[in-house]
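**Q** Make the full structure from the sequences, and use the hints.
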Amino acid sequence: MFPCSGFGYGLWWIFPLIMIVMMVLCFFMMRGRMGSMMSRAGICSTGSHGAGAADSELDTLNKSYAQGEIKKEEYKEKKRVITGQN
Numbered sequence: 000m001f002p003c004s005g006f007g008y009g010l011w012w013i014f015p016l017i018m019i020v021m022m023v024l025c026f027f028m029m030r031g032r033m034g035s036m037m038s039r040a041g042i043c044s045t046g047s048h049g050a051g052a053a054d055s056e057l058d059t060l061n062k063s064y065a066q067g068e069i070k071k072e073e074y075k076e077k078k079r080v081i082t083g084q085n
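Counting in numbering that gives the first Met the number 0, the sequence shown runs from 0 upward without gaps.
These are computed hints drawn from the structure, not numbers from a lab. Mixed in with the good hints, there may be bad ones.
Subject to a maximum C-alpha distance of 27 Å in a straight line, what follows is the list of computed DSSO-like cross-link-like pairs (lysine-lysine) [stated by the list, open to error]:
id, residue 1, residue 2
1, K62, K75
2, K78, K62
3, K62, K77
**A** Here you go:
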């Protein structure tokens with residue numbers, strides 16, 4: 000009478016369960032991605048783009064100097080250019 004009568008329908012409930020688990024997993028993955036976007040440096044800390052860009056450049060310069068990638072004279076020159084001092 001039924002085409003699948005030999006196999007039974009005992010595991011029908013697993014497919015909706017898998018879908019619910021996947022939806023919850025996707026929700027938390029997207030929530031984590033949005034959280035990382037909002038906490039990225041420069042977005043929430045300053046309101047204007049100009050100040051955030053200068054801070055970002057200065058931060059990058061400071062990291063380069065701290066890691067020993069540039070010398071002290073080069074650091075001072077680039078810092079003077081970024082901050083706009085004569």
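**Q** So, for every hint listed, does it hold in this structure?
**A** Hint check:
{"no.": "1", "hint": "K62 x K75", "in the structure": "13 Å, holds"}
{"no.": "2", "hint": "K78 x K62", "in the structure": "12 Å, holds"}
{"no.": "3", "hint": "K62 x K77", "in the structure": "13 Å, holds"}
Hint violations for this structure: none, all hints satisfied.
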